[in-house]
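I would like the entire structure built from these sequences, with the hints used as guidance.
Here is what each chain is made of, one letter per residue.
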Amino acid sequence: MPAIVPTTTTKADAPAASAGSSQRRSRTAYLLLLPGLGWLGVFFVIPIATLFFTSLQAPVEGRSGVYQAAFQISNYAQALGDYWPQFVRSFIYAGIATILALIIAYPLAYFIAFKAGRWRAIMLVLVVAPFFASFLLRTYAWRTILSDEGAITTALNALHLLPEDRILNTSIAVVLGLTYNFLPFMILPLYASLEKIDPRLIEASGDLYARPFTGFRKVVFPLSLPGVVAGTLLTFIPAAGDFINARLLGAPGDSMVGTAIQVNFLQFRDYPIASALSFILMAFILVVVFTYIRRAGTEDLV
Amino acid sequence: MRWLRRNIIGIIAVLVLVYLFVPIAVVAVLSFNQPEGKYNITFNEFSLSAWANMCGVPGVCESFALSIQIGLLATVIATIFGTMIAFALVRYRFRGRDTTNLLIFLPMATPEVVLGSSLLALFLNITFPLGFWAVTIAHIMFIISFIVVAVKARLQGMDPRLEEASRDLYASPRATFRYVTFPLVLPGILGAALLGFALSFDDFIITFFNAGTMVTFPVYIWGAAQRGIPVQVYALATLVFFLSLVLVLVVQGVNARRRRRLEAAVAAS
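Protein sequences, first through last, are from chains A and B. The numbers in our numbering rise by one with no breaks, and the one at position 241 of the first sequence is 241. Adding 1000 to a residue's 1-based position in the second sequence gives its number in our numbering.
Calculated directly from the structure, the hints in this document are not laboratory data. Just to be clear, a hint being listed does not mean it is correct.
Every beta carbon over 10 Å from chain B, so not counted as near; a handful from chain A, in silico [as the list claims (entries may be wrong)]:
1. I73
2. A155
3. P163
4. E164
5. S278
Covered stretches of chain A, as calculated for chain B (at least 3 residues, CB under 8 Å) [said to hold, decoys possible]:
6. 44 to 58
7. 123 to 137
8. 202 to 213
9. 218 to 225
Label pairs and their calculated CB-CB ranges [claimed, not checked]:
10. A/A69 to B/A1256: 52 to 60 Å
11. B/V1246 to A/P252: 35 to 43 Å
12. B/A1265 to A/L208: 40 to 48 Å
13. B/P1058 to A/N157: 38 to 46 Å
14. B/E1036 to A/I73: 36 to 44 Å
15. A/P252 to B/A1256: 46 to 54 Å
Beta carbons: idealized from backbone N, C-alpha and C, even for Gly.
This is the structure in structure tokens:
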């Protein structure tokens, strides 16, 4: 996704015609943008604003599940006070899953970019192919793979490596599920930035008597950093917001912030608290994204 | 030993690919299972009954058809909107580029639970009914960005000489678009639409928040997870997976062949 050198103009822009025609051209551009951006404005931006207003609402006396406009900042204190363990767990689980995904994804992305040759296109299809199989069923399938009688759990138990003598219904299973589910989001941006590296740079490092690993450490890896950053974001963010893995693979005590948002919105109907939780998560992600943009610009985001 | 050292990255790469498909293989195998109890988790006995009678459990096929309906509708609209944005971004210079890029990136960077809950907050506040239209609106919203990214990549990857050649041959801008640009981008648009459909069809979190009492295929699976997912669901999911995989590989093959032919033609001229 992100490139190292930001592209500023495209080839089609180059012949800047007279002022009149360029004005006409930009009017066409706005007409092309209008429906899609309008949709995102109404159904993405406005909902986020609504979420913020809802997070400040106060309950109406005597009517449960009904709230009125207010400026109740204490909702945030209450949300954080009640659910800080869920926040902490979300960030720890998603953090570990992201690091694992990076370690697993890098060799595959590297292979597709430099060694796959004519298999490149097929391998890229195979990387996204898991999306064609149901997310929920794939997650649920880990219950079979990690089951207490299964080969993996038995083997690790024989070596006394499992603190709770099992994987299923523990936080380990949740982290493993998250790692698996969002792996393609790590592989694709890594591949995109590795693919842009000129293979001659690696040859050059070899010609200068760098050992292969030194060449990788000093040439390839630094050049792939934009992909590492993008992949880390694209894996960490959905993993931090996920509540499916915690529910299907973990114990009740492994619930994450997504669980808290879902339960408060759909079961307790405590909309202000649910909105406050959701908005805190959103704000955190916005901070991360804007930090990234200040370093890399917006052109390579999409 | 030397062979191992030289091919270690390839071996790891293949193992990672295998890892990606292990749970899918489990789903496929369990679709031929006759579970012992209500939970289809361990393989008990081979059976074709789920494949022979896919709609045998009430609600499964209804929810499946509903997900296809929503997927098609959302994909068509999002593909049109997203393709228009991609063209504007690649082919035009305009003020507000940064804002546009940001507005397209943010929905992809926002956790689904925030997208779903914020739309629910809006729908609750304006008392918009939850269900089919609420979910379709939500799906269009979160698919658009992915379509933009996919079509934009295709447009940028196009050989500019092809359009120049068309202009050199005195084709009008309209004719160039109609006979050169659009046919070249079309495979990219179709690929993007396929991705969009897959995202919509399989979406659970955003849908769950806005579905009300409506049951799409993923919502059905979520509900069934507590009381045991019917084997029919495994069969349907396996079928969808293999059909999509074949479809994508065919599109990929056609694309590759077209590209090779075009490149040969350009090289010859």
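Quiz item: What hints, given by number in increasing order, does this structure fail?
Solution: Structure breaks hints 5, 8, 9 and 14.
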